[in-house]
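*Asks:* Single-letter residue listing:
There are 2 protein chains.
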Amino acid sequence: MKKNVLIIGAGGVAQVVAHKCAQNNDILGDLHIASRTRSKCDAILESVHEKGAMKVEGTFEAHQLDAMDTAATADLIRKTGAQIVINVGSAFVNKYVLDACIETGAAYIDTAIHEEPDKICETPPWYANYEWKKRDLCAEKGITAILGAGFDPGVVNAYARFAVDMMDEVKSIDIVDINAGSHGKYFATNFDPEINFREFTGTVYYWEDRQWKEKAMFETGKTWDLPVVGPSKAYMSGHDEVHSLAANYPQADVRFWMGFGDHYINVFTVLKNIGLLSEHPVKTAEGQEVIPLKVVKACLPDPASLAPNYTGKTCIGDLVKGTKDGEEFEVFVYNVADHKDAYNEVGSQGISYTAGVPPVAAAILIAEGDWDAKEMKNVEELDPKPFFTVLDRIGLPTRLQIGGLGGEDKAWTEA
Amino acid sequence: MKKNVLIIGAGGVAQVVAHKCAQNNDILGDLHIASRTRSKCDAILESVHEKGAMKVEGTFEAHQLDAMDTAATADLIRKTGAQIVINVGSAFVNKYVLDACIETGAAYIDTAIHEEPDKICETPPWYANYEWKKRDLCAEKGITAILGAGFDPGVVNAYARFAVDMMDEVKSIDIVDINAGSHGKYFATNFDPEINFREFTGTVYYWEDRQWKEKAMFETGKTWDLPVVGPSKAYMSGHDEVHSLAANYPQADVRFWMGFGDHYINVFTVLKNIGLLSEHPVKTAEGQEVIPLKVVKACLPDPASLAPNYTGKTCIGDLVKGTKDGEEFEVFVYNVADHKDAYNEVGSQGISYTAGVPPVAAAILIAEGDWDAKEMKNVEELDPKPFFTVLDRIGLPTRLQIGGLGGEDKAWTEA
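So the protein sequences, as listed, match chains A and B. For the first sequence, our numbering assigns the number 1 to the initial residue and increments by one for each residue that follows. For the second sequence, our numbering assigns the number 1 to the initial residue and increments by one for each residue that follows.
Hint data in this document are derived by calculation from the structure and do not stem from the laboratory. It is possible that part of the hints are untrue.
Note that the list lumps identical chains together, so a pair holds whenever it fits in one copy or between two copies.
Once the Cα atoms are required to be at most 27 Å apart in a straight line, the calculated BS3-like pairs of lysine-lysine come out as [as the list claims (entries may be wrong)]:
{"#": "1", "residue 1": "K40", "residue 2": "K79"}
{"#": "2", "residue 1": "K185", "residue 2": "K272"}
{"#": "3", "residue 1": "K272", "residue 2": "K283"}
{"#": "4", "residue 1": "K283", "residue 2": "K40"}
{"#": "5", "residue 1": "K283", "residue 2": "K119"}
{"#": "6", "residue 1": "K185", "residue 2": "K283"}
{"#": "7", "residue 1": "K215", "residue 2": "K185"}
{"#": "8", "residue 1": "K2", "residue 2": "K340"}
{"#": "9", "residue 1": "K272", "residue 2": "K134"}
{"#": "10", "residue 1": "K133", "residue 2": "K40"}
All of these numbers come straight from a predicted model, not from anything done at the bench.
Please model the entire structure based on the sequences and the hints provided.
*Replies:* In structure tokens, the structure reads:
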């Protein structure tokens, strides 16, 4: 049984994590939040208190932290007595925070792979570049480290596991992520623009016929007729979960599909072709060295600012195909979330909500012992049922369509 | 009779000016070129010598100069003995260079209005904001200052004057600028992107019914069926020459139309709506203050680099309507230039060529006395015939279509 949580990061996802931790502080114990900019932590705490989110009386403190400084992070873990760290800071800090957890014995949870600022789209499987190098060390020291425990990666990995467990044999896993919401701005990204664009500037790696294959972004598009949000165009994209699912289910084809409207693609294409999405510095006529992508980020709306006017729904799920009892079998495991509901509950938009609720569910499962694995795990390596049970309770219910898209629709508990 | 020329600037237009001055150094005397970056001047001199452009043996020297430093510019004018300054530096330096000419008695020629970096699209008439404030002083001190003596503004002002001189009464002047060439890049501007975009981010001022009217950019488009280049879509745009022609011919409607393809408009719209064309600094997440427009400029191809692969033609002209001998009368006065021909002759693309040849023609006319006005003039206030004669000789012949677009086509000398 572990308790006391340190949240790292103070962006849109951290806001959700903070609210959800507060709503479950009877299980999670003392709460702490730390980021480079202390005032952003204070603003999150203020919002937590405004909504009266703390379930029971307890501690929730803000701290200033450079999370790339492993020693400082380890000090803060010791000082706060945190036994669980939920890292929802920039993907650039992940390996440093993981090291601090290994050093102090705290459980580690993140929601995305580690990234180095100057590298885009490294060789597959991505987890092997940083995280899995620490797998033996975690096992040896009994460190619980749950990688990629947001929605995608995260919940969709559990969806895959749940579907695979229903089958004799799995043949393909297609993860589809559609945001059918509207933020009313000319253009905005739903999370950190720097990370958002980086996802789509590199090679699209996917797993087919037991090998890595490559495509260019927006090369392969397909319309998926999804529950609630209806027919939606999505493009095969590179994504973290493909890289762990392919390792755990090498017999299955694994692909990720992200929904994009024509307007997003047009803006992205213009910015990319001009070179404005580059992470390599350019020099202005005046001699100033600038990374174009950081300027684009500075010009775009802060993703958190989209929340008050965001309307519509998201649908994210896994279409998993295989065989069961010798027959072809297909199931779509999914969740539908609503932007407005998310804002009303925790002051965030739906994309932050879907990303921020699952790591809190993971923290609850570590606190309660179900997922305190004492080693490094991707989400599909853990039992999905307690995860779904907590997610049902804290805001992201899991549903199924048996027989594939458009099939018999039911809650996962009825399957 | 004035001689010895100092060229200020070392961009694409300066390259053309340097070549054309060299080709006419028997008239112009000693030549000098100065810019913030000395090496860019050296490269231009190298190209002049490579092409064997100097008509007679003579001086052509490069200098380093901060042209915003009036005292330094005045010193260089005195040191070089230049009696004519052709200012084709950034539009931000104009007023400082003009002051240096007033101080030293040198004749001043530029090709665009002065601009302040932090102001876009000031109140009309634009020339009244800076240049015309020095009109009395120039007259008092006998300074020849020819404003806006590029192609547009410049040659098109002379076209208007020539057409007006053919008529009893002028009713409208529509200037149309079509670049039907192709540079083969995803996106590029034909001259300094900073100045290019600034032209289209402000209000479109035009003169109709004896008053200033306003439109938004790309609000009003029209297809013009022009000689050689054929039907071309152009949009009413703000442009310098509208502001002096409206003052000199207040009885005429004066409008400027710039040709744009859908691709240019799309890229421009994306960049503008995101805020990347702003001249106001933004702060990155890392705290760096950056002007987005300068980063876009740094990402785009250097306009000079387009020259080697540029193909196709430009057509720029004035459709002028009025009455003659009591009848409706219409004439289109125009030039067609060829990108490849420009490159072969002076190593530049056609847009730089059309902008760079006219100020050299003006310098020749000052050197020969025809245009040594001893006061400040916009081009339509000077006799257009000697200007056309020099332009015919040095590469930009003037043609007419009598009766308007598609009318009887002839050289201006045959009219």
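*Asks:* Enumerate the violated hints, using their earlier numbering and listing them in ascending order.
*Replies:* The structure conflicts with hints 8, 9 and 10, although it agrees with all the remaining ones.
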